[in-house]
Amino acid sequence: MSLKERQPKSKQPESIQQESSLPERVGSLTANSGALMHTEIMSLNVGPQHPSTHGVLRLVVDMDGEFVIKVTPHMGYLHTGFEKTFEHRTYQQGVTYAPRTDYLHSFGHELAWVLGVEKLMQADVPERATTVRVILHELGRISSHLVFLGTALMDLGAITLFFYCFREKEAVQDLFEEVCGYRMNQGYFRVGGLSRDIPDDWAGHVQTFCDTFDKHVDEYASMFATNPIFLDRATGVGVITAEAAIDLGLTGPNLRASGVPLDHRKATPYCDYDSYEFNVPTSQKGDSHARFLLRLEELRESAKIIRQALKRLKPGPVKDPNRKISLPPRPELESSMEAVIHHFKLVTEGFHPPLGEVYVPVETARGEVGYYIISDGGSMPYRVKIRAPSFVNLQALEYACVGGQFADLITVLATIDPVLGDVDR
Amino acid sequence: MDKVSKIETYTTGPASVQTDPARLDPIDALIATLGLSAEDAAEPTAVVGIDKLESVALRLRQAGFMLLDVVGIDYSAYVQPRPERLSVLYNVYHPYDHRRLFLRVWLAMGTALPSLYGVWKSANYLEREVYDLLGVVFTDHPDLRKILTPDDLEGHPLLKDFPIDETPTLFRDGRFLDPAAFRAGMTGQATGLSGWRGSLRRGEGKGDIEPPVMPAGGPK
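Those protein sequences? They're chains D and C, same order as listed.
Residues in the first sequence are numbered from 1 upward in steps of one, following my numbering.
Residues in the second sequence are numbered from 426 upward in steps of one, following my numbering.
Watch out, some of these pointers could steer you wrong.
Unchecked claim - Using 25 Å as the maximum straight-line C-alpha spacing, the simulated PhoX-like pairs for lysine-lysine come out as follows:
| hint | chain 1 | residue 1 | chain 2 | residue 2 |
| --- | --- | --- | --- | --- |
| 1 | C | Lys571 | D | Lys84 |
| 2 | D | Lys169 | D | Lys311 |
| 3 | C | Lys546 | C | Lys477 |
| 4 | C | Lys546 | D | Lys285 |
| 5 | D | Lys84 | C | Lys585 |
| 6 | D | Lys70 | C | Lys546 |
| 7 | D | Lys345 | D | Lys84 |
| 8 | D | Lys311 | D | Lys215 |
| 9 | D | Lys119 | D | Lys324 |
| 10 | D | Lys304 | D | Lys215 |
| 11 | D | Lys119 | D | Lys345 |
| 12 | C | Lys571 | D | Lys70 |
| 13 | C | Lys546 | C | Lys571 |
| 14 | D | Lys345 | D | Lys324 |
| 15 | D | Lys304 | D | Lys314 |
Just so you know, these hints were derived from the structure itself, not from any lab.
If we strip away everything but chain C, and leave its shape as in the complex, we get:
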């Protein structure tokens, strides 16, 4: 057998480069090189126009950055005014020199963004998630479908105007579930929609149903 037959020895990764202060500086230089404006924020954030997004992403990809996350944010209920209602943040990171950059795009409701799937394959699920939860459409995405919420859920849950209080649930086959009536049925206060516990307790229609009793001599 020519395959490996014992545990191979593993090499140790290089020591931390984060302690070298010179390595931390270039992120500002990088933002300037890309022709972007840095945001005054705790994390290094740069604002990109929608038209420049793809070219900036491509240059970052060529510099060795990887796309770790795409964050969609609805700023409509924020305390401070924001340029647009929606914002999409791209969390990019360099796996060798450990620089991190957040690319921010501002967009109004209904505006489409170019998909970055052609730049980073990891954009596939991440953009589908933003599409699912916030309704941002990514043009040229190869497979833009909902990913987390059920197919028959209408609306985008992470928008600030999505109703979060109890709402009646409509299933695909037309079945309708009213939470208040359902709960009342479970507690036995009304027949409700459960048709099981509530009706047995009240014995509606057929007179009171006798509870089952143990036969003499115990269970057989």
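Next comes chain D alone, as it looks inside the complex:
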């Protein structure tokens, strides 16, 4: 039977409605389908404005029937040349650009930039500033993971959790707004410390948030972790082995979900992270299910770190006293000529680090972020290279989706959790 003869017959409604003829028809179709049907590889365009791509990412997916045989991501829609812009701004102005790369965990990028320049300048950061940085860094991780949980489960069809996650994310953003005036893209850190001290009652507000947060994490877990539909759609989907993860250069939760316990808070501690007690959750499974639950566990660990940091928050300075790095306090400008000169030089020109190249890795919600900074002795960096974890992690998509169904591609993309600002820079 040729395709032409078959088509009108299958359209007849009575042949479909008759239950007895249905299995026979399906059976004959599958038995001869190779000879009857014309099959070809179909290219499917996803994005760039598709909500499940979490930004502007375009995927060209080659499909053989229901199965993905090749994924080709096209990125660059958000490329704004941050690295080139860094070369024409002073080091202190760079704090404005760093958080705009990964806008969901912006404190991570901000911290990586500031720590790099501080290594170059040999700056001496006061203890209070370091502790506040740890609190904000972890709050940023909580906020980022909450967006991940909400949006990723929404991609799987579980819409309710999104609103619960964003309820707490709003609370975290209120804390950000309270401390630095911005809900996103804060730019609160400075080379040598913080831009200003935290408000008096802020620590109390963070404490209140942390006291109830573990209960909220249990609440999230109760909403999806035992759901059979979620388990069916996530378990065994998009498996990345430890060997492949290392080959693909994955870092962060994606690498730890594959069984490699690399966390720079433990491996190369910055901001006194070695003095905090916390666990690094890892899983040996490497599938989407593991990536979901691992980030859920990280929420608890981050809250644990914040509670410890709040206990050691003592009054004190929040800026490096070195006047060649930090601006002098405002009252001093009225009495000291030296202070006026320092203020003028720092504002108009900025400081001049010695020649050199530095790199400080920081563990953000997405993986290792580091700024490779090259100084030529001027007040602006000679070259800045951002090690963007989302960009490298995205390579796992081409690896983990092949052979799966199209719906699994959405799951894998969601659990790899790229931020397109971080991919494109």
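Since the structure of chain D is already known, use the hints to place chain C on it.
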């Protein structure tokens, strides 16, 4: 249902090994074993010749290192003389014993580098980025296309001689946008290329256009 129906318990990662000073030493020993010369720099950096790059990378891969980043640098405007104009740095890291090494290759403009895609799959996007932004060609790369900048952008933005001041933008269909004229049009000082706001304000050609007024009795 035989699938996992409750949250699995996660193991805790091993404690930090960074505090053990003996673990930090081997990076110098490693550089010597690989037959490379260490650079006097803040980060452990070793210079590799282009011909030895692949074999050194392979030995690092076999030792368990992963490729985290590829950095392309144009040293043409640097204050100190450098061996060549371009340099490509490979940021390799050992995920278990936490050693980090930067492999540096010096190369002149127009020199091609061997692709490390055969050694580390992560080199795929990273080398495409260096190719896109600095124009370094990687031979035997499976898919060497631009990755971040638009297809119709000419030049490599991270080279030091790439013009960064206002330049007229030429689109693929031949449309031409002059920034100065475009801005003038937006402010209403000249018709410019916007053809919208500027022309309405000036009412050029057709006499002055009356601004719309609210009809009596409010909006309907």
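Going down the list of hints, with the structure as the test:
Straight-line distance between C-alpha atoms of C:Lys571 and D:Lys84 comes to about 17 Å, which keeps the hinted pair within the 25 Å bound. Taken as a hint, the D:Lys169 and D:Lys311 pair is honoured in the structure, with Cα atoms around 23 Å apart against an allowance of 25 Å. Among the hinted pairs, C:Lys546 with C:Lys477 is consistent with the structure: their alpha-carbon atoms are about 19 Å apart, no more than 25 Å. The straight-line distance between the Cα atoms of C:Lys546 and D:Lys285 is roughly 21 Å, inside the 25 Å bound, and the hint therefore holds.
A hinted pair counts as satisfied when its Cα atoms are at most 25 Å apart, and D:Lys84 with C:Lys585 qualifies at roughly 9 Å. Annotation: proposed proximity of D:Lys70 to C:Lys546 holds, straight-line Cα distance about 16 Å (limit 25 Å). At most 25 Å may separate the alpha-carbon atoms for a hinted pair to count; D:Lys345 and D:Lys84 meet this at roughly 24 Å. For the hint pairing D:Lys311 with D:Lys215, the CA-to-CA distance comes to about 21 Å; that is within 25 Å, so the pair holds.
With a C-alpha separation of about 15 Å, the suggested pairing of D:Lys119 with D:Lys324 holds against the 25 Å cut-off. Straight-line distance between C-alpha atoms of D:Lys304 and D:Lys215 comes to about 13 Å, which keeps the hinted pair within the 25 Å bound. As the CA atoms of D:Lys119 and D:Lys345 are separated by approximately 21 Å, the hinted pair is consistent with the 25 Å bound. The straight-line distance between the Cα atoms of C:Lys571 and D:Lys70 is roughly 19 Å, inside the 25 Å bound, and the hint therefore holds.
Distance check on the hinted pair: C:Lys546 and C:Lys571 sit about 18 Å apart at the alpha-carbon level, within 25 Å; holds. The hinted pair formed by D:Lys345 and D:Lys324 meets the criterion: a straight-line CA distance of about 9 Å does not exceed 25 Å. Distance restraint check for D:Lys304 and D:Lys314: the Cα-Cα separation of roughly 18 Å lies within the 25 Å cut-off, and the hinted pair is therefore satisfied.
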